[in-house]
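So the sequences go chain by chain: A and B. Following my numbering, the numbering of the first sequence begins with 1 at its first residue and continues without gaps. Following my numbering, the numbering of the second sequence begins with 1 at its first residue and continues without gaps.
Straight line, CA to CA, 20 angstroms or less: simulated SDA-like cross-link-like pairs of lysine to any residue:
{"#": "1", "chain 1": "A", "residue 1": "Lys126", "chain 2": "B", "residue 2": "Leu435"}
{"#": "2", "chain 1": "B", "residue 1": "Lys604", "chain 2": "B", "residue 2": "Gln556"}
{"#": "3", "chain 1": "B", "residue 1": "Lys573", "chain 2": "B", "residue 2": "Leu603"}
{"#": "4", "chain 1": "B", "residue 1": "Lys374", "chain 2": "A", "residue 2": "Gln45"}
{"#": "5", "chain 1": "A", "residue 1": "Lys137", "chain 2": "B", "residue 2": "Ser115"}
{"#": "6", "chain 1": "B", "residue 1": "Lys270", "chain 2": "B", "residue 2": "Lys427"}
{"#": "7", "chain 1": "B", "residue 1": "Lys420", "chain 2": "B", "residue 2": "Asn471"}
{"#": "8", "chain 1": "A", "residue 1": "Lys115", "chain 2": "B", "residue 2": "Gln143"}
{"#": "9", "chain 1": "A", "residue 1": "Lys155", "chain 2": "B", "residue 2": "Thr237"}
{"#": "10", "chain 1": "B", "residue 1": "Lys553", "chain 2": "B", "residue 2": "Ala586"}
{"#": "11", "chain 1": "A", "residue 1": "Lys91", "chain 2": "B", "residue 2": "His163"}
One side of the interface only, derived from the structure: several residues of chain B facing chain A at Cβ under 7 angstroms:
{"#": "12", "residue": "Pro124"}
{"#": "13", "residue": "Phe173"}
{"#": "14", "residue": "Gln175"}
{"#": "15", "residue": "His238"}
{"#": "16", "residue": "Asn279"}
{"#": "17", "residue": "Asp379"}
{"#": "18", "residue": "Pro384"}
{"#": "19", "residue": "Val393"}
{"#": "20", "residue": "Gly394"}
{"#": "21", "residue": "Asp442"}
{"#": "22", "residue": "Asp446"}
I should point out that these hints are in silico values taken from the structure, not numbers from a laboratory. For each residue, glycine too, the CB sits at the ideal point set by N, CA and C.
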Amino acid sequence: SSKSSISEKVHPKDLEQLLSTPSWSVESLLPPKTQAPKAPKISSQQLHHLLRLSALPPPENAEEEKKMLDTLSAQLHLVGEIQQVDTTGVKPLRAIRDETAVAEEEQTITLETLKDALAKETIVGKHYKRIQRNIDKVDATNVESWDVLGSAEKKSGNYFVAESERPLE
Amino acid sequence: MLAPTRTALSAFSTRQFLCQRCLRRAKPQPLASASPARVPRRNFQTDGNGPSKDDLPFRKVLKDVAKQKKKLSRENPGSSKNSQKDKDPRLEKWELTVGIEIHAELNTARKLFSSAATSINASPNTHVALFDSAFPGSQPQFQVETLIPALRAALALNCDIQHKSTFDRKHYFYQDQPAGYQITQYYEPFARDGHVTLYPHDFPGGVSPEGGPVTIGIKQVQMEQDTAKTVLQPPSTHLLDFNRVSHPLVEIITLPQLHHPRTAAACVRKIQAILKDVNAVTTGMEMGGLRADVNVSVRERNISLGSAGHSYYGVTGLGQRTEIKNLASIKAVEEAIIAERDRQIELLEGGGAVEGETRGWTLGSKTTRRLRGKEGEIDYRYMPDPDIAPVIVGTAVVEHLQKTLPRLSDDCIKMLVDSKEYQLTSKDASTLILLDDGDRLDYYLDVVQKLQSAFSGNQKVFDRVGKAAGNWVLMELGGLFKNEYWSESRVPSSELASIIAHVLRKQITGRTGKLLLSTKFDGDTRSVEQIIADEDMLLQPLSRPEYISLAEKLLQEKSDMVQDIIEKGQHQKVKWFVGQMMARSAEGAVEPGSAEEVLRELLKLPPVEQPK
Numbered sequence: 001s002s003k004s005s006i007s008e009k010v011h012p013k014d015l016e017q018l019l020s021t022p023s024w025s026v027e028s029l030l031p032p033k034t035q036a037p038k039a040p041k042i043s044s045q046q047l048h049h050l051l052r053l054s055a056l057p058p059p060e061n062a063e064e065e066k067k068m069l070d071t072l073s074a075q076l077h078l079v080g081e082i083q084q085v086d087t088t089g090v091k092p093l094r095a096i097r098d099e100t101a102v103a104e105e106e107q108t109i110t111l112e113t114l115k116d117a118l119a120k121e122t123i124v125g126k127h128y129k130r131i132q133r134n135i136d137k138v139d140a141t142n143v144e145s146w147d148v149l150g151s152a153e154k155k156s157g158n159y160f161v162a163e164s165e166r167p168l169e
Numbered sequence: 001m002l003a004p005t006r007t008a009l010s011a012f013s014t015r016q017f018l019c020q021r022c023l024r025r026a027k028p029q030p031l032a033s034a035s036p037a038r039v040p041r042r043n044f045q046t047d048g049n050g051p052s053k054d055d056l057p058f059r060k061v062l063k064d065v066a067k068q069k070k071k072l073s074r075e076n077p078g079s080s081k082n083s084q085k086d087k088d089p090r091l092e093k094w095e096l097t098v099g100i101e102i103h104a105e106l107n108t109a110r111k112l113f114s115s116a117a118t119s120i121n122a123s124p125n126t127h128v129a130l131f132d133s134a135f136p137g138s139q140p141q142f143q144v145e146t147l148i149p150a151l152r153a154a155l156a157l158n159c160d161i162q163h164k165s166t167f168d169r170k171h172y173f174y175q176d177q178p179a180g181y182q183i184t185q186y187y188e189p190f191a192r193d194g195h196v197t198l199y200p201h202d203f204p205g206g207v208s209p210e211g212g213p214v215t216i217g218i219k220q221v222q223m224e225q226d227t228a229k230t231v232l233q234p235p236s237t238h239l240l241d242f243n244r245v246s247h248p249l250v251e252i253i254t255l256p257q258l259h260h261p262r263t264a265a266a267c268v269r270k271i272q273a274i275l276k277d278v279n280a281v282t283t284g285m286e287m288g289g290l291r292a293d294v295n296v297s298v299r300e301r302n303i304s305l306g307s308a309g310h311s312y313y314g315v316t317g318l319g320q321r322t323e324i325k326n327l328a329s330i331k332a333v334e335e336a337i338i339a340e341r342d343r344q345i346e347l348l349e350g351g352g353a354v355e356g357e358t359r360g361w362t363l364g365s366k367t368t369r370r371l372r373g374k375e376g377e378i379d380y381r382y383m384p385d386p387d388i389a390p391v392i393v394g395t396a397v398v399e400h401l402q403k404t405l406p407r408l409s410d411d412c413i414k415m416l417v418d419s420k421e422y423q424l425t426s427k428d429a430s431t432l433i434l435l436d437d438g439d440r441l442d443y444y445l446d447v448v449q450k451l452q453s454a455f456s457g458n459q460k461v462f463d464r465v466g467k468a469a470g471n472w473v474l475m476e477l478g479g480l481f482k483n484e485y486w487s488e489s490r491v492p493s494s495e496l497a498s499i500i501a502h503v504l505r506k507q508i509t510g511r512t513g514k515l516l517l518s519t520k521f522d523g524d525t526r527s528v529e530q531i532i533a534d535e536d537m538l539l540q541p542l543s544r545p546e547y548i549s550l551a552e553k554l555l556q557e558k559s560d561m562v563q564d565i566i567e568k569g570q571h572q573k574v575k576w577f578v579g580q581m582m583a584r585s586a587e588g589a590v591e592p593g594s595a596e597e598v599l600r601e602l603l604k605l606p607p608v609e610q611p612k
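Can you make the complete structure from the sequences, with help from the hints?
So, in structure tokens, the structure goes:
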């Protein structure tokens, strides 16, 4: 892959020339068409294992399998290219969310956050004090009152039904 | 009155019609003894184990086991106990190592990632939020309150609470897991590096196989989701109830530092007790609220495997381990470990090798059975869940929960046994703590406090009140409550204290005290003082002139015995006279010591030397 060196000082008169030719293309992330990809070979067995892990249907014929293997190979090439980037000292991003110190403080769970829950507990006992959570029913109708079984393919009374392929021994 | 349209089952599930005490009170099981309680079969996180034949009612399984055992012992007298004996010579060569993973349902109002209500026996699929059924497009919503019992559990197990912890996805497909992954804490659990100590009183008979207290390290405690309940309809149909999906669980992982099946069983029982002490869980193993997986390996004692052996979080030189999943009772834990240990030893002694497998155990089996080999090992493809923010716990929260943590049983027992105020035996202390969710202990402490204030000026009696109260609360009052539920108002603590005080002051006899107790227990509304006055129960000790006249009368009646004593020197017959004096007087009125003294005076015998 080509590396651009931005460290050189750029003169305004050279700017146009600099910008006229691209220094990098996303194509570098795809396997070159003329030579074998750097990614390791994937066996048919490995492909089938991955498909099973993801509960995806296996290929219907050899042609479809070849296509899947080629796509997977290209994807692995892309992953390999990205792994070339030096990430020492960089914490992995898990989600796009505010990870500043201020945000962290806002998200910290405090006694204030738990105030209501703690208020729902009682202390029982005169000498041997024990905690007891108030076990009266909570009202969760706002999340519970929808037709839970409405989209079920198969149901029996108030239950979802799942058929196992293997009968009991 | 119940509305006519509601089924009995749904009515039963509304908590106001249930005795809350009964729900909370799940009697802990003594080690290695089976209870006929009904255990709903559960398979949470079965990881594709598939349906098993142990979906029979627990009661029936236990009956079958008992029948089999009887049959065996009739056929081979004495041989069935062999594998249970500690004197197995193979154990001198082989050392057992066990690590335990406990999953316990937390005591919360709502679920872990949705605000739907938690439930135990509600009508199926009535407490399911969109996310619980993995409805496309639904998002998790972490319920902060679920942290409260989780933190208490971790603190009671002496863990370090991590300031920041995160949730990960553990992927596998099974019908009780709608999302195709379980949300757990694989990479960054919320608590680490704890420990639990097992004391001799945590073992049956008060005898620890290790000789003394043993401390087991806890690697971590993590929060995770529970799965759906499956009801099997043979041959291969599963009925699914998603009420339980996303019920918060804690998983507690111990270090492999257990070396005896009884210790492992005691460890599970202890952890369950600790969780109940701090109100982190409400239902135990017998109700399906707690389940254990064990990891078992053996190694030769005198041969160090060193780097060739397996290691786990710092514990090195271990043999290859197998995992036994889904043990649903303390008895099962102990028996499965023994069976697996024996299987591994036989295998290794026969020149074979132990494979890293997942095995299962049914109550009543002789050996564990293989569920999944290494080839079938599941690739969970753990990944941080991008939809859930990290959990950041403030130090003030941890401090507050630590400070207000209920006193653990161990501390109570220590206080009751070691402190001069109570001086109970270890056995009595353990019993007292287990009774009635701690209400009995609370009552006992109140009785002692009242007695202490009654005898504050009298040091000699003051030191005896703890033991006396213990006897009355456990044996006398306990005996009356044998077939009834405990109630502290049946005999208020002040009344019992009054009875005991009267007995200690020798104002009434012990027998009178017991009579008073049962009178109050049966509902007499008069105060103890009043009853004593009304029924004239006060002891009337004899005065000296009365002793003398009674003694003289007896001596006159039995002059031939008097002769035996004086002339033939049969001094032991004085005791007979003492007995007669006691029999002829009101109970307790005659003190044997004083009676003998008077008799000897009259008979002109030397006074008995009192052995001091």
